[in-house]
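**Q** Top line first, the protein sequences correspond to chains A and B.
Numbering follows this note's numbering, in which position 154 of the first sequence is assigned residue number 154; successive positions increment by one, without gaps.
For this note's numbering, count along the second sequence from 1 and bump the result up by 1000.
By construction, these hints were calculated from the structure, which means they are not laboratory data.
Where a beta carbon is used, it is the ideal one built from N, C-alpha and C, also for glycine.
Be a bit skeptical, because a hint or two may be false.
[What the hints assert, rightly or not] Going by beta-carbon spacing under 7 Å, a handful of chain A positions derived as facing chain B:
id	residue
1	L322
2	D325
3	L344
4	D357
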Amino acid sequence: MKLELRAITKRFGSFTANDAVDLVVEPGEIHGLLGENGAGKTTLMNVLYGLYQPDEGEILIDDVPVTFKGPGHAMSAGIGMVHQHFMLIPVFTVTENVMLGHEQTTPGGFLNRRRAGREVAAISKRYGLEVPPDALVADLPVGVQQRVEILKALSRDARLLVLDEPTAVLTPQETDELITVMRALRDGGTSIVFISHKLREVREVADKITVLRRGAVVGTAEPGASQSELASMMVGRPVQLTVDKEPAQPADVVLQVDGVSVVDPNGVVLVDNVSFAVRGGEIYALAGVQGNGQTELTEALVGLTTPTRGTIAITGRNIGKLSTDEILDIGVGYVPEDRLHDGLVGQFSVAENLVLDHFDRPPYGSRGSLNLRAIADNAAVRVQEFDVRPANGLAGASTLSGGNQQKVVLAREMSRPLKLLIVAQPTRGLDVGSMEFVHRRIVAERDRGTAIVLISTELDEVLGLADRIAVMYRGRIQGEVPVGTPAAQIGMLMAGSTSAEAAAGTTSLSKGAVAAPGAAGVL
Amino acid sequence: MTYQGTAPASAAEEMLPEAKPGPARRLVDAIRYGNSVVLTLLAMLCALLVGAIMIVIADPPTRSAMGYFFSSPWDTFTRGWHAISAGYVALFEGSVFNPDSLYSNGHTPIFGPISNTLLNAAPLILGGLAVGVAFRAGLFNIGVQGQLIMGAICAGYVGFAFRLPPLLHLLAALLAGVIGGAVWGGIAGWLKARTGAHEVISTIMMNYLALGLLNYLLGISGFQAPGSNQAISRSVHGTARLPHLLGPNLSLHLGIVIALLAALGCWWLLTRSTLGFSLRAVGANPSAARTAGMKIERSYVVVMLISGGLAGLVGCSQILGTNHALTGDIDAGFGFDAITVALLGQASPRGTIFAGLLFGAFRAGGVVMVANTGIPADVVLVIEAVIVLFLAAPALIRAIFRLRESRGGGVGVGQLAKGWNA
Ligand SMILES: Nc1ncnc2c1ncn2[C@@H]1O[C@H](COP(=O)(O)OP(=O)(O)OP(=O)(O)O)[C@@H](O)[C@H]1O
Ligand SMILES: [Mg+2]
Chain A
1 MKLELRAITK RFGSFTANDA VDLVVEPGEI HGLLGENGAG KTTLMNVLYG LYQPDEGEIL
61 IDDVPVTFKG PGHAMSAGIG MVHQHFMLIP VFTVTENVML GHEQTTPGGF LNRRRAGREV
121 AAISKRYGLE VPPDALVADL PVGVQQRVEI LKALSRDARL LVLDEPTAVL TPQETDELIT
181 VMRALRDGGT SIVFISHKLR EVREVADKIT VLRRGAVVGT AEPGASQSEL ASMMVGRPVQ
241 LTVDKEPAQP ADVVLQVDGV SVVDPNGVVL VDNVSFAVRG GEIYALAGVQ GNGQTELTEA
301 LVGLTTPTRG TIAITGRNIG KLSTDEILDI GVGYVPEDRL HDGLVGQFSV AENLVLDHFD
361 RPPYGSRGSL NLRAIADNAA VRVQEFDVRP ANGLAGASTL SGGNQQKVVL AREMSRPLKL
421 LIVAQPTRGL DVGSMEFVHR RIVAERDRGT AIVLISTELD EVLGLADRIA VMYRGRIQGE
481 VPVGTPAAQI GMLMAGSTSA EAAAGTTSLS KGAVAAPGAA GVL
Chain B
1001 MTYQGTAPAS AAEEMLPEAK PGPARRLVDA IRYGNSVVLT LLAMLCALLV GAIMIVIADP
1061 PTRSAMGYFF SSPWDTFTRG WHAISAGYVA LFEGSVFNPD SLYSNGHTPI FGPISNTLLN
1121 AAPLILGGLA VGVAFRAGLF NIGVQGQLIM GAICAGYVGF AFRLPPLLHL LAALLAGVIG
1181 GAVWGGIAGW LKARTGAHEV ISTIMMNYLA LGLLNYLLGI SGFQAPGSNQ AISRSVHGTA
1241 RLPHLLGPNL SLHLGIVIAL LAALGCWWLL TRSTLGFSLR AVGANPSAAR TAGMKIERSY
1301 VVVMLISGGL AGLVGCSQIL GTNHALTGDI DAGFGFDAIT VALLGQASPR GTIFAGLLFG
1361 AFRAGGVVMV ANTGIPADVV LVIEAVIVLF LAAPALIRAI FRLRESRGGG VGVGQLAKGW
1421 NA
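So here's chain A without its partners, still in its complex pose (with noise of 0.2 Å):
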């Protein structure tokens, strides 16, 4: 399918998210869309979808100018989206997922699950897209669950698909096994725009590059382009995209950590007797396949799962029986993975969400009552601080794009006196400048004594920024490594090798690594 946007403009009330854009995509093409945080590519896309009706410009299929009134009628002209954040419903199974919208019944108005089921498994050989028909999608990984959502889109005959950030949540290996079906996509004629702020990815697939900035096309450039050559295009000025730091110097143990594990309610053990120390002045990151019990770990560091065994001290001091407040209140910053669903409020302002961990203290909040200049001048500076966009301290914080959204976060965790930073996937859907720039407060953070546990799947951020390696692989830690150890071999720890396996380099592969079949191949 040929697709033509032409000078498509979309306001939001005086802001204008999209600027007389202009987008060509060929059949049969991977057109990579990049462009900074809030530069309008998913309101872009959810102007093609139907999402938004545009306020000037058209659409044209196959040099046919339309107008979707709506998704229903976007994807019956056979455009397939994949949201950036998950339309799933995570009580059905992958089937009743895939047949939500256009069920099928039998003769008595029973939903005919059995065809439904044969289509999935028929598609998704087609395409070498394996997921378990008939598991609930609360069940599956991340990566997995994005299979469903193609999958999805495919059933209902898309001729062009939309992927928003695929990779953000992805492995490494689930970004490759994605590549390799979206080749097999293109190479069936389905054309594809996709979104990712990973150059290299981009670099890797697509045939064609087109870069927004402030909602407006500022060029469009070959696969062939260096990395920093797109950064710069997308964000304006020169980036730099490795980390620079001085080698750390580690003070006093702030974070000691003995032999926790924590089971959950069904006996399942998600971390198993993990101990470790992090001292002040150093990042020790904790690199994984998401799902590996690093996110349980974090959250028995800040009290908010109790855990079944082990002592958690930070300072010195023992928390385990403090509140998740108290926990903070010592001095702990934490940036939790889900920045929607744990990090935000998404009704509440970017002022308010900029002091919800320390809204009662002075000076926003003392004898009860708030403090709402003290709110709103802090969010002023923050905001100019973090570069969140729009710098609106006012503006609701769902209404702001993925990356601000984090930067938001980050304002808010980074803005008082640390001991302890706890941050996870700090730079998940972030854009390059971003990036750089919140891996400088990291490090910058780190510089001023602050001790830093860093949990990222990321390995090229791991590798960027971390003093001391860990691996964490089915709630154990598998391995410590130092800095300066191959990407590879920390690849196969991730997947389950132990560390001496991984330094002789003999490859184990374990196919627990992911919870899901066909999902366990190593870089």
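Model the placement of chain B with the ligands on the given structure of chain A, informed by the hints.
**A** Same frame as chain A, now just chain B with the ligands:
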């Protein structure tokens, strides 16, 4: 380490002050995009139209004229018009102002309609606040009825069983009423915090408990009016009664002042207090609130205590102001109208005041309309229901009046209407 400048360089451009639209522009925008006030007014217009159809259908002369519509259609229209205007005029005269009263003696008849409207508005506002505050913290309090009954029982008991000096007696009775309602609401909050029991279920069940308790008490000595075999309690002593505001002949009492003060208090709580901040955060996103160190369980208990306390004030207004004695129907349907008022008022204190006044006017005017014109009282209920229905489905109003899709988010009444699972 090396820094290239401080924050990313482009921040300054973004900081350009956004042009503020002038008042005229804002008004045009409000109408074109349909802000919540415009939507509310349009919903009321629709409701009055639907009500008009009901009046026409229920009016015997119009109906008989319809029988020969094709030979003399004009009859149907004149009679229909007559019925509608008579009905709505009566509604207005009963709730706001009756021009005839200018020719009678004294101020009493002039202020009568307003007095009745405000009299009804007080419990509606208080009840609407109770539901609204709980809703903002993510809880759907269906139990205002039970909480107001408990409030009325406690306030009434203090009012008739003790003898205290005037002001002190009133304060003690009010306090007892607030505590009664707060405890009853707090139990539901505590159950949710401790066991996860859904507040909708538990508050409904506690409504039955409160009603049962009330009916039991009305039959035992010490509560039941001496020498009576009716289900009515002893009368609250004069010292514990809410004073009348417009002289002894008009029923309006201090309840409306309490309601307005409570609304002011709720406004402060929700927008200016740290407690309100955490309640709203828990209501909007409990996971994020917990991650930020707030105590969700405590918040559930606290908000149900507050909500129940406000409901207890409804009971106080009823027993210490309007009725003076407990009966089986002391709640007078205010428990459930409170939900509608909160819905219409979008769970905001200011909106709740307006919604309470409007529904108070409907209650006051409805009585007069039924008495003067014979139009069934159900018409008023239909109008109320249609307003809320239209507001719960703003898309419908937008479609009818061809308004543009709104631009920002903003809490709509739809949110409260959808709030069952919130
Ligand atoms: N419904 C809305 N109301 C008001 N402003 C909005 C709305 N949706 C998006 N915006 C604004 O439009 C701009 C573009 O947002 P969009 O989500 O398209 O960015 P994006 O390029 O996808 O960014 P990211 O990479 O962070 O996902 C942002 O500044 C955002 O705040
Ligand atoms: Mg986006």
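**Q** Next, verify each hint and record whether it holds.
**A** We went through each hint and held it up to the structure:
1. L322: Hint on L322(A): violated, closest Cβ of chain B at ~10 Å, above 7 Å.
2. D325: This hint holds: D325(A) lies near chain B, its Cβ roughly 3 Å from the closest one there, short of 7 Å.
3. L344: holds, 6 Å
4. D357: holds, 4 Å
Of the hints listed earlier, the one the structure fails to meet is number 1.
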